[in-house]
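> Chain residues, written in single-letter form:
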Amino acid sequence: GAVVSQHPSWVICKSGTSVKIECRSLDFQATTMFWYRQFPKQSLMLMATSNEGSKATYEQGVEKDKFLINHASLTLSTLTVTSAHPEDSSFYICSGLAGGQETQYFGPGTRLLVL
Amino acid sequence: QKEVEQNSGPLSVPEGAIASLNCTYSDRVSQSFFWYRQYSGKSPELIMSIYSNGDKEDGRFTAQLNKASQYVSLLIRDSQPSDSATYLCAVNPGSNYKLTFGKGTLLTVNP
Chain A
1 GAVVSQHPSW VICKSGTSVK IECRSLDFQA TTMFWYRQFP KQSLMLMATS
51 NEGSKATYEQ GVEKDKFLIN HASLTLSTLT VTSAHPEDSS FYICSGLAGG
101 QETQYFGPGT RLLVL
Chain B
1 QKEVEQNSGP LSVPEGAIAS LNCTYSDRVS QSFFWYRQYS GKSPELIMSI
51 YSNGDKEDGR FTAQLNKASQ YVSLLIRDSQ PSDSATYLCA VNPGSNYKLT
101 FGKGTLLTVN P
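Chains A and B, in that order, are what the protein sequence lines are. Quick note on my numbering: the first sequence kicks off at 1 and runs consecutively. Quick note on my numbering: the second sequence kicks off at 1 and runs consecutively.
Keep in mind the hints are simulated off the structure, nothing from the lab. Incorrect hints may appear among the rest.
With a Cα cut of at most 30 Å, we get these calculated DSS-like pairs of lysine-lysine [to be verified]:
(1) A:K66 to B:K67
(2) A:K20 to B:K56
(3) B:K103 to B:K42
(4) B:K67 to B:K2
(5) B:K56 to A:K55
(6) A:K55 to B:K67
(7) B:K103 to B:K67
(8) A:K64 to B:K98
(9) B:K2 to A:K64
(10) B:K56 to A:K14
(11) B:K42 to A:K41
(12) A:K14 to A:K66
(13) A:K55 to B:K42
(14) A:K20 to B:K67
(15) B:K67 to A:K64
(16) B:K2 to A:K41
(17) A:K55 to B:K103
(18) A:K66 to B:K42
(19) B:K98 to A:K55
(20) B:K67 to A:K14
(21) A:K64 to A:K20
(22) A:K66 to B:K2
(23) B:K2 to A:K14
(24) A:K41 to B:K98
(25) B:K56 to A:K64
Far from chain A, by Cβ distances over 12 Å, these chain B residues were calculated [said to hold, decoys possible]:
(26) S8
(27) V13
(28) N66
We put the CB at the ideal spot given by N, CA and C, even for glycine.
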């Protein structure tokens with residue numbers, strides 16, 4: 001299957017700071033990338049859909065000014081959590097979708113802890 | 001609201017047995033269905049996709065789809081302790097490739 005990487009895998013930050021998470025498709029071009037959040041013992045919740053070269057589409061209830069998404073190339077999307085607060089602590093997972101394909105391939109996830 | 005329902009479990013089976021995982025979905029126009037496995041603390045990994053009614057087999061795994069009943073299942077034959085994980089059912093209800101996930105079924109395979 002296709003490989004997606006994420007960096008960093010773990011991040012701890014102070015409340016009020018911003019954190020950037022990178023998502024890369026390593027062996028395919030991801031025309032679309034998705035960003036999910038997963039709280040303990042809950043399923044994945046889609047935050048936004050990111051298409052290369054265009055603005056991200058956010059799901060209802062997700063603040064676009066707080067969760068900044070950039071998809072500048074076919075292999076890289078970034079999620080920046082601005083002014084993070086403890087309630088933003090979660091497991092953030094991206095997935096990539098190759099053009100014309102329907103299968104999403106997930107990155108290994110980034111665990112964020114905001115103190 | 002589009003929903004995907006799964007029994008949360010835990011489902012416990014002995015090693016070597018068949019594990020049966022079930023999923024129902026609400027959006028009748030759904031066309032693509034996926035099973036992902038998620039180990040504790042890890043991200044989901046794809047097990048199988050299925051698009052047509054009937055069975056699809058891949059090694060020890062068999063996915064079954066019945067669109068009339070809006071039901072999709074995953075059978076795991078000869079279950080191994082390493083199969084112990086949460087199994088997520090995901091449905092693509094439309095053409096935008098977004099997935100709706102169920103809450104997952106926790107499977108425990110006992111040696």
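> Indicate, hint by hint, whether the structure satisfies it.
Evaluated hints:
1. In summary, the hint linking A:K66 to B:K67 is not supported, as the alpha carbons are separated by about 39 Å, beyond the 30 Å threshold.
2. The straight-line distance between the Cα atoms of A:K20 and B:K56 is roughly 40 Å, outside the 30 Å bound, and the hint therefore fails.
3. For the given pair, B:K103 sits about 15 Å from B:K42 by alpha-carbon distance, which is consistent with the 30 Å threshold.
4. Proximity of B:K67 to B:K2 is assessed by CA-CA distance (about 15 Å); at most 30 Å being required, the pair is judged to hold.
5. The suggested pairing of B:K56 with A:K55 is violated, with an alpha-carbon distance near 37 Å, which exceeds 30 Å.
6. At most 30 Å may separate the alpha-carbon atoms for a hinted pair to count; A:K55 and B:K67 exceed this at roughly 34 Å.
7. Under the criterion of a C-alpha separation no larger than 30 Å, the hint pairing B:K103 with B:K67 is consistent with the structure, at around 20 Å.
8. With a CA separation close to 18 Å, the supplied pair A:K64 and B:K98 stays within the 30 Å bound.
9. With a C-alpha separation of about 23 Å, the suggested pair B:K2 and A:K64 falls inside the 30 Å cut-off, and the hint holds.
10. About 48 Å separates the Cα atoms of B:K56 and A:K14, which puts this hinted pair outside 30 Å; it is violated.
11. Taken as a hint, the B:K42 and A:K41 pair is honoured in the structure, with Cα atoms around 12 Å apart against an allowance of 30 Å.
12. Between A:K14 and A:K66 the alpha-carbon distance is near 16 Å, which keeps this suggested pair within the 30 Å criterion.
13. Taking the CA atoms of A:K55 and B:K42, the gap is near 29 Å; set against the 30 Å cutoff, the hint holds.
14. For the proposed pair A:K20 and B:K67, the alpha carbon gap of about 41 Å is over 30 Å, so the pair is violated.
15. Annotation: proposed proximity of B:K67 to A:K64 is violated, straight-line Cα distance about 36 Å (limit 30 Å).
16. A C-alpha spacing of about 21 Å is found between B:K2 and A:K41, which places the hinted pair at or below 30 Å, so the restraint holds.
17. For the suggested pair A:K55 and B:K103, the alpha carbons sit about 29 Å apart, so the restraint of at most 30 Å is met.
18. Restraint check for A:K66 and B:K42: satisfied, since their Cα atoms lie roughly 25 Å apart, inside the 30 Å limit.
19. Straight-line distance between C-alpha atoms of B:K98 and A:K55 comes to about 16 Å, which keeps the hinted pair within the 30 Å bound.
20. Among the hinted pairs, B:K67 with A:K14 is inconsistent with the structure: their alpha-carbon atoms are about 48 Å apart, more than 30 Å.
21. Taking the CA atoms of A:K64 and A:K20, the gap is about 14 Å. The hint holds against a cut of 30 Å.
22. For a cut-off of 30 Å, the pair hint linking A:K66 to B:K2 stands: about 26 Å separates their Cα positions.
23. Distance restraint check for B:K2 and A:K14: the Cα-Cα separation of roughly 37 Å exceeds the 30 Å cut-off, and the hinted pair is therefore not satisfied.
24. In summary, the hint linking A:K41 to B:K98 is supported, as the alpha carbons are separated by about 22 Å, within the 30 Å threshold.
25. Straight-line distance between C-alpha atoms of B:K56 and A:K64 comes to about 40 Å, which puts the hinted pair past the 30 Å bound.
26. Residue-level check failed: B:S8 sits 9 Å from the nearest beta carbon of chain A, not beyond 12 Å.
27. No Cβ of chain A approaches the Cβ of B:V13 within 12 Å, the least distance being about 21 Å, so the stated non-interface status holds.
28. Separation of B:N66 from chain A is adequate, the least Cβ-Cβ distance of about 20 Å exceeding the 12 Å criterion.
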